[in-house]
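Participant: Here is what each chain is made of, one letter per residue.
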Amino acid sequence: MSDTTLSHPPAAARTEARTVSFRGGGFAPERKRWVGGVVFVLLIAIAEWGTRAGWISALTLPKPSDVLQTLIDLHQSGLLYKHLSPSLSRLVVGAALGASFGIGVGVLIGLFSYVRAGLVPLVAAIFPIPKIALLPLFVIWFGIDEGSKYALIAFGTFTPTVVATYGAVDNVDRSLIRMGQSFGLSWLSIVRKIVLPGAMPGILSGLRISLAIAIILLVAAEMLGAEYGIGAYILEAGALYDLERLFAGVLILSVLGVVVSTVIGLVERHLLDWRS
Amino acid sequence: MSDTTLSHPPAAARTEARTVSFRGGGFAPERKRWVGGVVFVLLIAIAEWGTRAGWISALTLPKPSDVLQTLIDLHQSGLLYKHLSPSLSRLVVGAALGASFGIGVGVLIGLFSYVRAGLVPLVAAIFPIPKIALLPLFVIWFGIDEGSKYALIAFGTFTPTVVATYGAVDNVDRSLIRMGQSFGLSWLSIVRKIVLPGAMPGILSGLRISLAIAIILLVAAEMLGAEYGIGAYILEAGALYDLERLFAGVLILSVLGVVVSTVIGLVERHLLDWRS
Amino acid sequence: MDIRLENVSHSYDSFEVMRDISLEIPHGRIVCIVGPSGCGKSTLLRFIGGLERPKQGRVLQVGTPPADCLNPLTYIFQDFALLPWRSVAGNISLVLEDHGIKGAAAKEIIDDVLARTKLTDFAKALPKQLSGGMKQRVAIARALAVNPAVMLMDEPLSALDSQTRELLMDDLVSLWTRTPFTAVYVTHNLAEAVRLGHSIVVLSRRPGQIREIVHLDTPLAERQFGDPELDRQQRHLWQLMRDEARAADAELLDV
Amino acid sequence: MDIRLENVSHSYDSFEVMRDISLEIPHGRIVCIVGPSGCGKSTLLRFIGGLERPKQGRVLQVGTPPADCLNPLTYIFQDFALLPWRSVAGNISLVLEDHGIKGAAAKEIIDDVLARTKLTDFAKALPKQLSGGMKQRVAIARALAVNPAVMLMDEPLSALDSQTRELLMDDLVSLWTRTPFTAVYVTHNLAEAVRLGHSIVVLSRRPGQIREIVHLDTPLAERQFGDPELDRQQRHLWQLMRDEARAADAELLDV
Amino acid sequence: ASNKKITVGALRFTSHSGSFVAYERDYFAQAGLDVEFKFFQAAQPMAVAIASGDVDYAVTAVSGGLISLAQKGAIKVIGGALSEEKGIDGQKILASDAAYQAGLTSPAGLDGKTFGISTAGSSFHYMGSKIAGAEGANVSFKPLQKVGAIIGALKSGQIDAWSIVPHIAKPLAGSGAVHIIGDVADYIPNYQVTTVFTSAKNAADERGMTEGFLNGYSKGVADYNAAMIAKSGGEDGVNQMVDLIHKYVYTDRPREKAAPSIINGTMRLNENAALNTASIQDQLSWFQSEGLVDADITLDTLVDASYVETIKA
Ligand SMILES: Nc1ncnc2c1ncn2[C@@H]1O[C@H](COP(=O)(O)OP(=O)(O)OP(=O)(O)O)[C@@H](O)[C@H]1O
Ligand SMILES: Nc1ncnc2c1ncn2[C@@H]1O[C@H](COP(=O)(O)OP(=O)(O)OP(=O)(O)O)[C@@H](O)[C@H]1O
Ligand SMILES: [Mg+2]
Ligand SMILES: [Mg+2]
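Protein chains in written order, with this note's numbering: chain H, 1 to 276; chain V, 1 to 276; chain A, 1 to 255; chain D, 1 to 255; chain C, 1 to 313.
Just so you know, the hints here were simulated from the structure itself, not pulled from any lab data. Backbone N, C-alpha and C define an ideal beta-carbon position, used for all residues, glycine too. If a hint is listed, it holds; no wrong ones were tucked in.
Label pairs and their computed distance ranges (CB to CB):
#1 V/Arg-192 <-> A/Gln-239: 46 to 54 Å
#2 H/Asn-171 <-> A/Glu-16: 27 to 35 Å
#3 C/Arg-253 <-> H/Asp-145: 26 to 34 Å
#4 C/Thr-310 <-> V/Val-259: 50 to 58 Å
#5 V/Arg-192 <-> A/Ser-22: 56 to 64 Å
List of simulated lysine-lysine pairs, DSS-like, C-alpha gap at most 27 Å:
#6 H/Lys-63 <-> V/Lys-131
#7 H/Lys-131 <-> V/Lys-131
#8 C/Lys-72 <-> H/Lys-131
#9 C/Lys-247 <-> H/Lys-82
#10 H/Lys-82 <-> C/Lys-257
#11 H/Lys-82 <-> V/Lys-131
#12 H/Lys-63 <-> C/Lys-170
#13 V/Lys-63 <-> C/Lys-72
#14 C/Lys-155 <-> H/Lys-63
#15 D/Lys-118 <-> D/Lys-102
#16 C/Lys-170 <-> C/Lys-155
#17 D/Lys-55 <-> H/Lys-32
#18 V/Lys-82 <-> H/Lys-131
#19 V/Lys-131 <-> C/Lys-155
Turn these sequences into a full structure, and let the hints guide you.
Facilitator: Here you go:
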């Protein structure tokens, strides 16, 4: 083959056979798990090096190792749990209140045209209100104890849950509803057996966002006369410009966020395994 | 017909003809525009009545008419614009920075598996960090002038934009990409002509959320050494427990939110009129 | 129980969909409705099933449905309309629950209809595990479970590939042969119409009007592929519809 | 330009999709590939078009494509694959732009292919305004614009209703009659296969293997509905495939 | 056990020691009160909590918010807590290192400089404004919400000056990043920094309870002043007092590290909760002149002077 290359071309042109060139591939994300870990390790290593060597000033970033030490101290002194447990209970109660009201109202909006017309503009107007702006009012309305913290977190999770829920109800396949009607199912059966399960995926993915917001609001909520709590811990660290503790607190919240999102992922996989 | 009812049934049973009963309808939201207006008017009327009659204490709610008067004063004194214009410029610059970086990074994550593996966990870890917790750091990093305000808003819009964008890129119809490859289009052509326009709807709806967050963050941003600005105005009113001004400020933000969402709606209708 | 349509006309706002349709659907027969896209076939079927009300005219049910009939007018949909979160058995039990049929009574019915549609082994499967043909079989089983007086089928096979379509037509024919049912069968596919219809109603383009009703006398079970009489009828139907189909296809939609 | 497949086998991980397929696609002829669901027809077509690489065996192009051919191996997809944000003309210009064909040169080509597919009046319409049949015509026009040496069609008509399918088959036949093209045509539909194929390759169930290759000699333009020879061939093909189709249909998918 | 239950709001600052001492030494119980502390991170929410009825008594600086709540008929100032006094270590005026190197070595150089405050209408704002006024300087105020943010801004030289209590000022100056350039007491003589306040309802309808509280509180203040300022108990007295206060302040630091901070933070608290109404009037007038509160609020709206002795000069 190789020795006749030069004399071959004219003849080859007629019967030349070559494999078709490949032009597919790409545009499909592949999983590369370790890269994420490497990036984290690298960033932390750079921060450690920089703060030790001094080209990152102590004002800009704390030493990662000091942050770790702070976390270990927090754990060993038991303070971590003293801060974590009130925060978690605020998160759970507030988010549960906000999400359940939100789902309820969202379903009503999805089902009844009058409720929709009355409440959707209201929710749209409430959505962009920054909750911290209302802190002084919340104290008057709900007191300085757990009430106002629950209320703030509930309020913050309520609006996104409503929006996600009525969107999910709207997106329930109408042909399934028509099927229900064609078999003479009662209104309540259709709602219970078709609309609600059909809206589940949308509601759960809305919950993912609502709970992230709830975690963020924890800090705002604990501005209100909270002694213990991750938010209060962060605020205190901020007030003292104690970067180690600030970062330790932020890290805890960040982990909390990842945990919550993982839990929702598990719930989704369990409840929605009927999705293809 | 009616006089033979009693003797008829047996005969009728064989040839009885009746119209089929209707069992469709419902489950389709109808538009009832005026209801929304009525609800607003009613709520405001109740608040006005309650505050005037005294069964809503002055500590709980301001008189709506006083809030209106405050707004009129703000307008007449020109202070409204003195507060609005720095806020708007912070919003525009911050959100533009955050959104454009977010879209850029989101597209890279969508296109490159390594970027995805490296950055997605990072973004997931950053997402639940409450931005107000980082305020002290932002002062050191970006100064107390406009820099830190831009940075805070940009940072807050960045993460949701990234998540929305790479989701949108992932959702671009793979069959369109395969079509592009099958016609031998270059990688850049596929990205420019297929991936980006296809991701547009997802990016725009992500922007809707990001901008709502940007408005909310305005208040947090103007905690940092801002003399003028809607956020600073609200914070000052809160610190002075001046409910009329607090509500006036919140109302302005709320209107801002509705305006932004309307603008995005218009852009969507204009840019995405190819959607069926 | 028969169905009678009397001068049914309908329009959405000022958009006229069908005009003056009168039709009799006799007991125990399959009536096929064919016509170009958008001529109002699905709308007509919704009128018959009571899911929508015509602007003018009446849809009557003549005679009473048998006593054991849970849902006299029962649909089979093009997109199957199975609840994806319920198993095959659960999807069938759905339509029994509202009639208070539960437990052993429900199980008996479910087992029976699954056996008739050869789905016994799939009772526990979720819809996502089934091919399109299997899903439509489940929908048929569900329809059989309520003992319908009239089956309303809106292009039940058009979401399936043509081989599966072939298989399901056989299944429908054998179901009908064992126990004849009344059906209105809407389709685009003339091969299906001549295979399954005792009479074939041809509608014109929108606004849909009846152009012709073709009666086929060959018994269902004896209709074979390549039967010259059926081929002749199918060619005749295609002659009737061809130009209208082309015109309907070339219409710009105003979405 | 011909296409030659030499002992092509493929598996996804340990999931064997096709086994030892050798095939010749001669210039100027339409080769239909039929087979039950999931037997690897689409995968095979992706191999031919270079969108995917087989684990074993080779796909060769024999001879060089004509000089004016912009994209020798050109697909027509089942789902049309039109960019919804581009007009009909814009969708066609998309595939020319990368070859530096713009302005008047592009307009000339676009006008020509639109005229050949009778779409001239629709140049400015958006895909959302078109019926399915029209969309597939646009996809055909786009394919013609690059002057392909071989057209690769993956069930191009199966997303259409049967009347539109009928119309488009006529269009394809008349396009081929005017200027014969080479094509690999994957379909489930035996009626389409006997209408459009010069030869029909029957694949077995997964792992797909060639069971039989049927050659039809009647010229395309003369093939009529109800032609006894074609009916016989179609019946023969259905005999070959029926049991496998049923088995493929009844398979549980592990999604 | 039959004592009346009340809630007292407090910050974990040494300036709240009066209440801590009164509680620890049972002075409240002797006055018939069963006190429960409610701790806050900042003064502003504490004022609102009084208004909402969650807290009965608290100590905090006079701020615009406090005046505004008083105007709404929610709260009353009933006594004095902390005042500036010449000769006793009081609030310090600080300059950033950069500004100091550039010549801001005394408050006289404040013209054209930036001054950190938490919010408009805060006590920082009042102090800065008075100092600037006395020096005839034109300063611009930077609201930074939180003490932490102000410290960060000052350390990094983004603001030029600030004023703060000595136990925060001294360690900061010690690190070299900032410099003390003056005393607030030199500019605002007899400044009534913090006051005791309660809800208007308590002031008007619960005279007995309010008197009881002030009574107990005053005993606590007396003990604190005696031990920490007069040093009547000598070194031991100071140590005892530090031990007591350490239960409430700097609890997360060991005793030996907390002690210097507690001692550094020593300031005189008003004996018998005497209230300097002249200073209060001056503050009120300043808030009004800045347009931060309504111009028609009078001292009577803010203060219920019937409980304690008032200082009018
Ligand atoms: N709810 C509705 N509102 C307005 N127009 C409608 C509505 N339902 C159907 N139409 C229109 O009425 C016409 C008839 O619709 P229908 O679905 O009955 O046609 P069809 O014969 O079933 O068409 P196909 O063959 O495409 O299924 C169509 O043009 C459709 O766009
Ligand atoms: N990328 C892939 N990864 C894993 N399995 C795949 C992939 N693509 C296809 N398959 C599997 O390979 C088999 C053949 O797929 P292919 O799409 O080629 O079949 P087909 O003959 O075109 O089927 P249909 O008639 O349903 O279009 C199927 O079982 C499919 O699930
Ligand atoms: Mg229809
Ligand atoms: Mg395929």
